[in-house]
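Here is what each chain is made of, one letter per residue.
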Amino acid sequence: MFKFFVIPGHDRRLIPEGRLSGPMPWVIAIMIFLTVLAAAAGLAMTRAMGDVSDELSSRATVQIIEANPEIRRGQAAAVADRLRALPLIEEVRLLPPEEIEALIEPWLGTQDLADEIPLPALIDVKLVRVATDAEYQSLRGDLQSIAPGARVEPSSGYIAPVISLVRSFQWIAFGLVALLALATASAVIISARSALNTHTETIAVVHLLGGTDEQISRLFQRRIALDALLGGLIGLVGASAIIWLISGQLSALGSGLVQSVGLDWWSWLIIAVIPILGMFLAMITAKWTVIGALKKIV
Amino acid sequence: MDEIVRFENVGLRYGAGAETLADLNFTLYPGSFYFLTGASGAGKTSLLKLLYLSQRPSRGVIKLFGEDAVTMPRERLPGFRRRIGVVFQDFRLVPHLSAFDNIALPLRVAGVREKDLEVPVAEMLEWVGLGDRTSARPATLSGGEQQRVAIARAVIGRPEILVADEPTGNVDPDMAIRLLQLFEALNTLGTTIVVATHDIHLLSKIPGAQMMRLEKGMLADPTGSLRHPPLPNDQQQ
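If you're matching them up, the sequences are chains A and B in order.
If you count the first sequence from 1, you need to add 197 to reach our numbering.
If you count the second sequence from 1, you need to add 124 to reach our numbering.
No wet-lab data here; the hints were simulated from the structure.
Quick caveat: nothing in here was measured; it's all calculated off a predicted structure.
Quick reminder that beta carbons are idealized off the backbone N, C-alpha and C, glycines included.
Treat the hints with caution; some may be incorrect.
Calculated from the model, a selection of chain A residues having no Cβ within reach of chain B, i.e. all distances over 12 Å [said to hold, decoys possible]: (1) Leu291; (2) Phe366; (3) Ala370; (4) Gln446; (5) Trp462; (6) Ile481.
Listed below are several chain B residues computed to face chain A (Cβ distance under 10 Å; list not exhaustive) [claimed, not checked]: (7) Ser178; (8) Pro219; (9) Leu221.
With a Cα cut of at most 20 Å, we get these calculated EDC-like pairs of lysine to aspartate or glutamate [stated by the list, open to error]: (10) A:Lys323 / A:Asp278; (11) A:Lys323 / A:Asp251; (12) A:Lys493 / B:Glu199; (13) B:Lys187 / B:Glu199; (14) A:Lys484 / A:Glu411; (15) B:Lys340 / B:Glu290; (16) A:Lys492 / B:Glu199; (17) A:Lys493 / A:Glu398; (18) A:Lys484 / B:Glu199.
Only chain A is shown next, with the shape it has when bound in the complex (with noise of 0.2 Å):
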């Protein structure tokens, strides 16, 4: 498969090869950047999905809605314990008042509310397993006979509208990279067809002195992959740039969803492979269009 990059240099030199002297680097190096950036988004938000969906999706609240601040203090405990003996709950916090106050300060400030406005305790429980709903139904009842005021809202609940926002910017993402990957083929197509043009009296003599259309098509997938590789390097390098600028700026926000959103090391794997995938998507390219052309001589 790779035989067209041991090319001896005299036959090279049949079809100039001129590094980064055409168009055509520069362009696989913006299709090569843009399509990197699109992969970097869509990998970033199936990390970020994934991480927030396992992480939500066995948790959930428990409130303990109560006026009185000593009753809802026992019903809070009682139910704390209760949990803590479930075998379907793995861990259980019960929220300190300063941190429930603390959640709610962006929206009612800071001056003392919570002796003014009876806030609900808060219990945060992590399930050993994502629960069904006649699970949390079970659980409801069992916790509403200790404290009449419990509910129970599984996090999975907050957060589904937004992942499924997040799905469907991943598949807009995913969509981007197989539309570059479509229009990089096509400028290949043209790039081949153009030094074909360029070349046709070359390729004519080499014809008529018996060189076959794998030999000279070798010729121009050499030529069409190197210019690949070259401007998808320049292409990953630039991009790369961009997503370490902009993963900083992310961690910097330090906040739920936005933090998830990262690269980890098979993303960055990914990523890097891309340039690699384009080449070989231009040399196959390049081999289908040179062949097919050769075809039509005789």
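Given chain A, put chain B in place with the hints provided.
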């Protein structure tokens, strides 16, 4: 004697126009020397294109090396083309390759190793008088020098058939004779030579050569019985 080329009722038409070549019937034998003559536009170059497999005929049968060249699969054509040397009327040298690389091209296409081609290519350059122009590109060579490179390229692979389209058109009379002597030497080694020319004086230079004359796309002798060229004046009785 086995035939090397046979044309049977061959016709060639470009597009929807009239036939450029019509009803060609002739046979060429191995080791023979043929001149193809005719006025400009008579169809000499078109006939040669059929011979060196650059064109397929519109009708008829062409047998080449005993096989049907008309219905031959495309994949097999390169192997047959390597057995045919061609001197094109317009030379068709690769402009960005040196004289050495142009001459070495058929050997490289055939997969000859680099160390095995250096000596024969250098010898061929010497033979055509271009030993000091090894690295010269076609644009820096005169018309005659380019033609000599084209001839050297055609004969370097010791082809079984050598097809030459006006090979002496751009060289001086001395060089023309030297080139014909090269063709004759190849011919004595067994190569079948077909030279298209409108230079009637060349015909007498190769004793024993046969002549085909084309007139408006048809052989002047439609039976295909080739005739010897006229004798030079000093040998006429």
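Structure-based check of all given hints:
1. Leu291: holds (80 Å)
2. Phe366: At roughly 50 Å from the nearest Cβ of chain B, Phe366 (chain A) sits farther out than 12 Å, so the non-interface label holds.
3. Ala370: holds (44 Å)
4. Gln446: holds (51 Å)
5. Trp462: Given that every Cβ of chain B is farther than 12 Å from that of Trp462 (chain A), nearest at about 46 Å, it holds.
6. Ile481: Given that every Cβ of chain B is farther than 12 Å from that of Ile481 (chain A), nearest at about 21 Å, it holds.
7. Ser178: holds (6 Å)
8. Pro219: Interface hint status for Pro219 (chain B): holds (8 Å vs cutoff 10 Å).
9. Leu221: This interface hint holds because 6 Å falls under the 10 Å limit.
10. A:Lys323 / A:Asp278: holds (14 Å)
11. A:Lys323 / A:Asp251: With Cα atoms ~11 Å apart, Lys323 (chain A) and Asp251 (chain A) stay inside 20 Å; holds.
12. A:Lys493 / B:Glu199: holds (13 Å)
13. B:Lys187 / B:Glu199: holds (17 Å)
14. A:Lys484 / A:Glu411: The hint holds at about 9 Å.
15. B:Lys340 / B:Glu290: This hinted pair holds, its Cα atoms lying about 18 Å apart.
16. A:Lys492 / B:Glu199: Judged against 20 Å, a Cα distance of about 10 Å means the pair holds.
17. A:Lys493 / A:Glu398: holds (15 Å)
18. A:Lys484 / B:Glu199: Given that 20 Å is the threshold and the Cα spacing comes to 16 Å, the pair holds.
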